[in-house]
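Here is how the chains run, residue by residue.
Protein chains: 2
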Amino acid sequence: MQALSVKVATNLSSDLKAATPDRQKGIDRVIDLLEGLLRLRAPAKPGDLARLIGAPRSTTYEIVNRLVTAELLDYVGNDGRVYFGRSMQLFGAAFADVNTVYRRAVAAMTALAAETQVTAQVCALRGSKYVVLDSRSGAALHRITSDVGVEVPIPWTASGRLLLGHMTAEAIRAFVPDEDFRLPDGRLLNREDFIADVMTCTAQGWCETTGLADHFTRCFAAPIRDTDGLCRMTLCLVAPVDTAPDQHAIFLARLRAAAAQLSLQEPSFP
Amino acid sequence: MQALSVKVATNLSSDLKAATPDRQKGIDRVIDLLEGLLRLRAPAKPGDLARLIGAPRSTTYEIVNRLVTAELLDYVGNDGRVYFGRSMQLFGAAFADVNTVYRRAVAAMTALAAETQVTAQVCALRGSKYVVLDSRSGAALHRITSDVGVEVPIPWTASGRLLLGHMTAEAIRAFVPDEDFRLPDGRLLNREDFIADVMTCTAQGWCETTGLADHFTRCFAAPIRDTDGLCRMTLCLVAPVDTAPDQHAIFLARLRAAAAQLSLQEPSFP
DNA sequence: AACGTTTGTCCAGTATATCAGACAAAAAAT
DNA sequence: ATTTTTTGTCTGATATACTGGACAAACGTT
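Residue numbers (numbering that gives the first Met the number 0), protein chains in the order written: chain A, 0 to 269; chain B, 0 to 269.
Please note: incorrect hints may appear among the correct ones.
[Said to hold, decoys possible] With a straight-line Cα cutoff of 20 Å, these simulated EDC-like cross-link-like pairs (lysine to aspartate or glutamate) come out: (1) Lys44/A / Asp21/A; (2) Lys24/A / Glu61/B; (3) Lys24/B / Glu61/A; (4) Lys24/B / Asp27/A; (5) Lys44/A / Asp96/B; (6) Lys44/B / Asp96/A; (7) Lys24/A / Asp96/B.
If you're looking for bench data, these hints aren't it; they were derived computationally from the structure.
Please read all numbers here as calculations on a predicted model, not as lab measurements.
All chains should be modelled from the sequences, with the hints used to inform the complete structure.
This is how it looks when you write it as structure tokens:
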């Protein structure tokens, strides 16, 4: 699902940009800083990071210098900016390598994108939002990642109707913020309709939506189930909204087959 | 370059497994824990992580719980084990997406692997060691990542003779630990010969080595230069040692062309 | 069933890390 | 050239985080 200009919120320990008289733990500052860089998606100078996360400059300089020493951040350019470093690439690669289901999901996503010539994605929950973990465009087998990492309200997405499938109606009401039911175009989704969708889609094992996050795409999602039956990731196809209906049926069939194949696997981790 | 059973060392703030009476900063514990998990390359329980990094159990439980809340770690399985979480996948993806040269290097690596049918890799320095950042096997275009993230002594590698090209002889002597000149098979490389190699390979713009880390592979490396002329990454091919010499020449030519193409690019970051 | 070991959380003490603000140097503005 | 603003580091105070060890529950062994 391709997200447009989305306002995101994560489980930060402190509100970004809000000056806080209270002292924060260094670990919380580190997490805020990394989350802030993820949101920014561009290198930044330590002073700018201090402002971004509302931390004292001396604290921020100390943390940045420590993370640079550990190569979680690298300096880039010649003007003091920092960005995610090689250690982050390696931690991410380690995540992908050891998680067998994830590794297979990425392979399936790549194959689906090549076969269908539309965008294929692997998606999951992050905090109380939906996020694309990885993405492939059918047109060219290099990574198109404009959506990867961008947190999107769950009700805007096909995957969201599968990722909450293990929750009770009450739990869903508590989990999804009220404001997330308002679509980018201003329409307000009915929460109870959404909950009904979650139940229906979970039962049928797939979901198809049109024109939620934007008016131009049709999204197909199928659950990747763990051995405990929970859907922690989904496999998705994102097609132009005017794709022929017979193509829809083909996309959905291929997607469900690929996701089912993944769900039959051994546990995600050895 | 494919590494065998390699003993690794990183810039840890405290020696792993060494109980330390001195109090550590929480941030240092976090970094030790992430480095330890990267080395372990498997999920682990918090108690085991405490032993691995020599931290008090109460401190480790607190840090693990905080990192799980932020999804830098995820619980896996049903027995309390944790491993790198979705946030790490996203930080790593953000690293790869925004670093233009890196993204192009991965595309070039993938193309080279398909074309040559041998393993292609993108490599860099990490601390005072060499590391594979990403890898593709020619035989199947899915990620073979047994070497990704494993730190290897620099003198064992073709890339190492390019990655140190910006250093003086004196700086190299200070940078590479003496023990790293001993190969896995017991042979001791001459440090001054190594330094001469660095100068020669840097000048000629490529390096080819055989039977350093192991006896079965021939490694070709070419520098990916930043706009400041420094070689911060290399592009490599790893071929069986008995590959025909005319194949060698073809591999090297293709490799150098691809790396040169990358080095002509705009700066790594906007 | 009884006993021993390990786990995960809790608690109080104290060493120290976080912070506001100072400061000099560098950069930007006039 | 001068003045103003920003940067990056430094310092001392004190609130607190890290720790060892205690504890109950869970698990493993006999």
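Structure-based check of all given hints:
no., hint, verdict
1, Lys44/A / Asp21/A, "violated, 24 Å"
2, Lys24/A / Glu61/B, "holds, 12 Å"
3, Lys24/B / Glu61/A, "holds, 12 Å"
4, Lys24/B / Asp27/A, "holds, 13 Å"
5, Lys44/A / Asp96/B, "holds, 19 Å"
6, Lys44/B / Asp96/A, "holds, 19 Å"
7, Lys24/A / Asp96/B, "violated, 30 Å"
Of the hints listed earlier, those the structure fails to meet are numbers 1, 7, in rising order.
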